[in-house]
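Colleague: The listed protein sequences correspond, in order, to chains S and U.
Once you know that position 36 of the first sequence is 36 in the numbering used here, the rest is easy, because the numbers rise by one and skip nothing.
Once you know that position 81 of the second sequence is 81 in the numbering used here, the rest is easy, because the numbers rise by one and skip nothing.
Simulated from the structure, these hints should not be mistaken for lab results.
Wrong hints could be hidden among the right ones.
Here are some of the chain U residues that sit facing chain S, going by a computed Cβ distance under 7 Å [to be verified]:
1) Q101
2) E134
3) S138
Pair ranges (Cβ atoms, derived) [what the hints assert, rightly or not]:
4) S/E322 - U/Y100: 26 to 34 Å
5) S/E193 - U/S274: 55 to 63 Å
6) U/R119 - S/P68: 36 to 44 Å
7) U/D120 - S/H270: 50 to 58 Å
8) S/V282 - U/E156: 49 to 57 Å
9) S/D206 - U/E125: 24 to 32 Å
10) S/R49 - U/S143: 39 to 47 Å
11) U/D120 - S/A197: 32 to 40 Å
12) U/N35 - S/D165: 34 to 42 Å
Every residue, glycine too, gets a C-beta built ideally from N, C-alpha and C.
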Amino acid sequence: MTELPTSSDDTGSVATDSVDAALQSLDDEGMVGYNYAYLDEHTKREVRRSMLKAVAIPGHQVPYASRPMPLARGWGTGGIQASLSMLGPTDTFKVIDQGADESVNATNIRRLAETTADVATTTDTTEADLIQSRHRIPEEVLTGEQRLVLQVPIPDALRTVDASDAANRRRHGHRNYGKMWVHLYENVVEYGEIQIASRYPTMVADRYLMDPSPIPRWDVPKLDDADHLTILAAGREARIYAVPPHTAVEPLAFEDRAFTVERFPEKSCHACGSTDTYLVEVSEELGTDDAASFETRYACNDSSFCEKRREDPDLQKDHHLERDEVQWGPMTADADAGGESS
Amino acid sequence: MTLLEATDLEVVYGSRCHECLSSTGSRAGTNQCVNCGSVVACARADLSLEPGDVLGIVGESGSGKSSLAELLALEQASEATVRGDLQYAGYDGNLLEIDYQTRHDLRTSEISLVHQHIRDGLNLEFTGGGNVAEKLLSAGHRSYADVRERVSDLFEETEIPVDRIDDRTNTYSGGMQRRVQIARALVTNPDLIVLDEPTTGLDVSVQARVLDMFRRVQREENVATIVVSHDLSVVRLLADRTLVMRHGRIVESGLTDRVMEDPHHEYTQTLINSVI
Chain S
1 MTELPTSSDD TGSVATDSVD AALQSLDDEG MVGYNYAYLD EHTKREVRRS MLKAVAIPGH
61 QVPYASRPMP LARGWGTGGI QASLSMLGPT DTFKVIDQGA DESVNATNIR RLAETTADVA
121 TTTDTTEADL IQSRHRIPEE VLTGEQRLVL QVPIPDALRT VDASDAANRR RHGHRNYGKM
181 WVHLYENVVE YGEIQIASRY PTMVADRYLM DPSPIPRWDV PKLDDADHLT ILAAGREARI
241 YAVPPHTAVE PLAFEDRAFT VERFPEKSCH ACGSTDTYLV EVSEELGTDD AASFETRYAC
301 NDSSFCEKRR EDPDLQKDHH LERDEVQWGP MTADADAGGE SS
Chain U
1 MTLLEATDLE VVYGSRCHEC LSSTGSRAGT NQCVNCGSVV ACARADLSLE PGDVLGIVGE
61 SGSGKSSLAE LLALEQASEA TVRGDLQYAG YDGNLLEIDY QTRHDLRTSE ISLVHQHIRD
121 GLNLEFTGGG NVAEKLLSAG HRSYADVRER VSDLFEETEI PVDRIDDRTN TYSGGMQRRV
181 QIARALVTNP DLIVLDEPTT GLDVSVQARV LDMFRRVQRE ENVATIVVSH DLSVVRLLAD
241 RTLVMRHGRI VESGLTDRVM EDPHHEYTQT LINSVI
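So that you can see chain U by itself, here it is in the shape it has in the complex:
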């Protein structure tokens, strides 16, 4: 059974006129409408995800990856105009039209987003353990011992030193903060995790360890994942299938190996050839 099914998703920043879609996109070579100046972050996007699946989204800066990812994680920017249909297993109706309360409930229990920027996802004044515990407590867990045990287990699982659990998050290293975010995303056993640029700001060796850890945890927990990255190697390492985005459109999609080894679209070929 399909976990997530998106049809004709569209995210537009601005007034949106009738020419927005025809005057933007890969062929037009821009994502800004010539007529009204709106930015079409993402349009005509279709995708589907099975339980336990890992989907990669690659593309250059400004191609609309993060806008699409935030939309899928139910955290779209309030100033954006959103259209399309997003179906989710276990919820009747279009996820783009749900009320605040349902969205809050889904986000605490079933769909997690690991933010590109640490400050968006974590409260650095809280302890690392507190940040992870917040989701459990918001979901209504009221036993201190149970919460404490679950948080410690996740610290171990995501390879954060457990004796740092009660230190404030702003004393953690960048890699540890990223791991805390992942632990926080995993704590309520969600069905879907969206990773937005999971390796931003990490040096290469830490990147490798965080990705290895996540790949192991993802397989153990069998949680469906959407990985957004400008870095092809991140997507190659994690994703089964890959979408390539440019100027707010999906220009190519397929199995990751196929896209990497035999890119069809001109832009994808350039992208893969330009890896240093």
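One chain only, chain S, in its complex shape:
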């Protein structure tokens, strides 16, 4: 940040009695001299126009004038610009970083929006109007009232097979995705099935090949015919693309080698017992005297939903909706989940 707001004693210094006090003194001042939502109005308008165009051509990468932001490119600057351009004072904002609300980056982005856009923030997926996320789509079903902004490091799925953006743009123009299919073919040759851990190449509305950002395969089916709007924004690469509500999103796969999501056989979250959520391996110190002994456990990646599950183990991913058994990623409905923790 180039210019810190000065404290009220006019000495230009910030009280340093404690970190909390210092932050408190900054909060009081607000962002004097900054426009609402940090970006100037022309920039926000330009980003919104690009988003509208992206919505009009689902999956197509629309260029925009990505501005310098108060953090390094590659740290979510695209997502922040998209979020700040959309936020209004009545919105509630949630930021997730790899499923967690409490990471440094997520906290800072949330605080930037809080300070400059005067929005309420939350960690509860169902309460948010706008969710900015890195690498995950929440486990709880998103509704038509909600918008999801995904941070994108590499906007073009084809860059995996050809480094030339010019050639790739021509391929997109003519829906010529043969090279990506060769990549999948070679994946099957090597592993017997398609093993692309993240950034799974996905067809949007049967027209454009899209990089769904580094979400795990687990989350890709959630984009298909979703109720909510998804905006994908890349800051360093200055590209915005979108999946409008109720758009067909189909992961590329062979007729005889189907798309598969991650599997966690016999595993459940150590904290809430869930078996129908995306789990990650965590290595934690054992509470014994031997400090060097670690235990590897599985835990829900979506920490906010995990917290709710700890209180109510039978809570469904669509608990907040009037409809039942909403298709939302793998194993949503209680029937085929074959084992809630109970």
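Please arrange chain U on chain S, whose structure you already have, making use of the hints.
Modeller: What follows is chain U alone, placed relative to chain S:
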């Protein structure tokens, strides 16, 4: 029925003035226009090809063979000015005026080019099998098992060791890379293959085996072929009919045996006599 019929083809690199055609050619002894400096790679070229026919094009370096071959395979250089009429069975209208999409479709399914330079035709980062599979996948085949089987069959047919199928193409020998190119050209059962200098960079024994393999496959599949080579023996081995090019013009054409045994044009006589 004629598969391919070309009339008055012309490829010019440069601005092209009204004197380009009169000031170049065999009689003028150059292919560069004295007036504007344009290079007339090929002009006033007529040729026709029946299904299953093999046509050879010979000539020295710079005579316009490759320019003509690329034009016939729908891969002309973007900086060239192209004129003429190219009719193709199964397509209405002049092939030189088609849009990108139609050209892409024809090139994935019906007309294949085996490039003179391996890097132009293959992606060396992909596996050998992947390079061959790319054409099938581009043409819309979506069954892994079918694609895999077809690619393995072609590896066998073009005499590439099938157990190398999943190795990256840059680990292959020059002869194997050439065979992969031929397998790739054959995979979608095209009607026409254009071979541009199929033996470049191969030693003599490998040349012979690649040519033998191609001659066998060409007869089995009955695919029409245009072979471009500076090497008379390659054309003699494969082609039924031969065109001789010099300075961007076709100076002589006829049955291969007739051209080789009884050359009429002065240049053809020199060419045949100068074979070491």
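Colleague: Please name the hints from earlier in the document that this structure breaks, with their numbers sorted from lowest to highest.
Modeller: Violated: hint 4 alone.
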